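Full structure from sequences and hints, please.
Line by line, the protein sequences give chains C and F. So in the working numbering, spot 72 of the first sequence is number 72, and the numbers just go up one at a time. Count along the second sequence from 1, add 1000, and you get the number used in the working numbering.
It should be emphasised that the hints constitute simulated quantities derived from the structure, not laboratory data. The structure presented is a predicted model; accordingly, all values stated were derived computationally and were not measured. Each hint should be verified, as a subset may be incorrect.
As the list claims (entries may be wrong) - With beta-carbon atoms standing in for the labels, derived distance ranges:
| id | chain 1 | residue 1 | chain 2 | residue 2 | range |
| --- | --- | --- | --- | --- | --- |
| 1 | F | Thr1170 | C | Glu91 | 53 to 59 Å |
| 2 | F | Met1001 | C | Gln87 | 42 to 48 Å |
| 3 | F | Gly1097 | C | Lys140 | 58 to 64 Å |
As the list claims (entries may be wrong) - Where chain F lies over chain C, by a calculated footprint (3+ residues, C-beta under 8 Å):
| id | stretch |
| --- | --- |
| 4 | 30-39 |
| 5 | 63-72 |
Virtual Cβ for every residue (Gly too), placed ideally from N, Cα, C.
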Amino acid sequence: MLVFVAEEIVRRETELNALDAAVGDGDHGITMRIGFEAIRDRLGQLDPATPIDGILRESGTAFLGATGGAIGVVMGKMLLAGGKALQGVQEIRAPEFRLLLTSMETSVAATGKVNPGDRTILDAIHGAAAAAAAGDSGAKNLDVVVHLSASAAQEAARSTADMLCRVGRASRLGNRVLGHPDPGATSFAIMLRAMHDWITSPITADTQS
Amino acid sequence: MRKLINDPRKVAAEALEGIALAYPQYVKLAAGAQAVVRKDAPIAGKVGVISGGGSGHEPMFAGFVGAGMADGSVAGNIFASPPPQPVVAAAQAVHGGAGVLFLYGNYSGDVLNFDMAAEMLEEQGIQVSTVRITDDVTSAPSERHEERRGIAGDFFVIKVAGACAERQATLAEVTAAAEEANRNTRSMGVALSSCTIPASGKPIFDLAEGDMEVGMGLHGEPGVERARLKSANEVAEELVRRILEDMPELSNSEVAILVNGLGATPLAELFIVFRAAHAMLARHGVTICYSYVGNYATSLEMAGCSISLLRLNERLKHWMAAPAQTPALMQV
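Structure, rendered in structure tokens:
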């Protein structure tokens, strides 16, 4: 599944660069592409029997080692935290997916020292985690929960266009960021949407990673 | 995009390799070719000074590795901080048993990655201290000076810390020297044209012909004002005026000055700017003890310059006068 997510991110490099150019130096897509190519390559070398937590840990280490920049540490630690949260888990179902999002939200908030509303990737993760938790009683199926959280992440990413930035290089821009969605939040929304597409795709039923 | 490159993804790596090949008398590659360290590293009993950050600012940082300056520098991709692993590897390569000092410009990416590297090194029993350089006066008001970013003033801080470390000072002493240099350094820049990150192929911002952006950062961060381009004298005076306003105690003091080119501005223009800054400083009773003019911290092919002033005391004068043998600074 992460390989599919990686390919989607790589495919959308130019779009992410353009988003970043409005608020930064225009290289967010490049960084994400480098990070996800490293994930794809690392996963390609893994034993197919590697458990979910191992896959997440390997992905986090690969991303962290490949990109640099603030997003390298934030994304790397986020994936490592997800791996820790899902230790021993054999299959991701709705409860495990909720746990994954919660652990990622906690990790990103701590690493970046940010809160929801600061116009960062955390806004998309927070939106996704909240939507997944809200669906707790009704949505039992993984595809429904992932769909709800992917939509919420996308909505949250869009709403960052109305937020001022408190941290990072874009914080120096003041209200010049208004009207442009945060590139990191947009990336996270793309990842969740790719996960959803992978889960609901008929040809992916027999593959794991 | 008109660039002399082979592969847009390999610009940072191939540039670093070129520096190491061109100056084997000073530096060698380390950390899986993501860093250079001085040729004779590690030196027993000496504090290892590690600088670094995104590439695209050459000769900063690799050009200032060698005797009397940094022991090593770690290079990230263009305008992106390096990941923690090569920072750890470079620190290990220069560690002579007296600890390691990290010196880098204050950007969130660098802070996150170098902090993580520091944690990893401390787990291995290597003592690390950090000084984040905050010389750019336009990046935050003076009451929030610790939020400011680092630009060409990095040069003074690396020079002072490196000279201090060369005398076998302790980690606490070298850290104090770097902090003192940073506290006394102020910079401000002006951009006359944009630059293009090779992998994206597009200019990082638009600046109309005949316009300038006053106070722009080294990665195209917007400055304080966009205006029609003025004469070298007027621009130099504005930069010096804003620096003096930010640090009034510079008046009637002794300083080191760096007039730094951003990549595409010819040396002749930098000397014209220096000439104007010199006159303006003289009017404020400032005595120039050390002058540096040239491309020290660039922003790829951006046109423009920055002015950095280091307010000197006897200690800082001593460290600025000390010799240095590095690819980009030869001082005897």
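Going down the list of hints, with the structure as the test:
Under the hint 53 to 59 Å, the C-beta atoms of threonine 1170 (chain F) and glutamate 91 (chain C), about 55 Å apart, fit the expected range. Range check, methionine 1001 (chain F) to glutamine 87 (chain C): about 47 Å between beta-carbon atoms, so the 42 to 48 Å window is met. Here the CB-CB span from glycine 1097 (chain F) to lysine 140 (chain C) is close to 59 Å, well matched to the stated 58 to 64 Å. Counting residues of the stretch 30-39 of chain C whose beta carbon lies closer than 8 Å to any beta carbon of chain F gives 3, which meets the minimum of three for the stated coverage.
Counting residues of the stretch 63-72 of chain C whose CB lies closer than 8 Å to any CB of chain F gives 9, so the stated coverage by that chain holds, three being the minimum.
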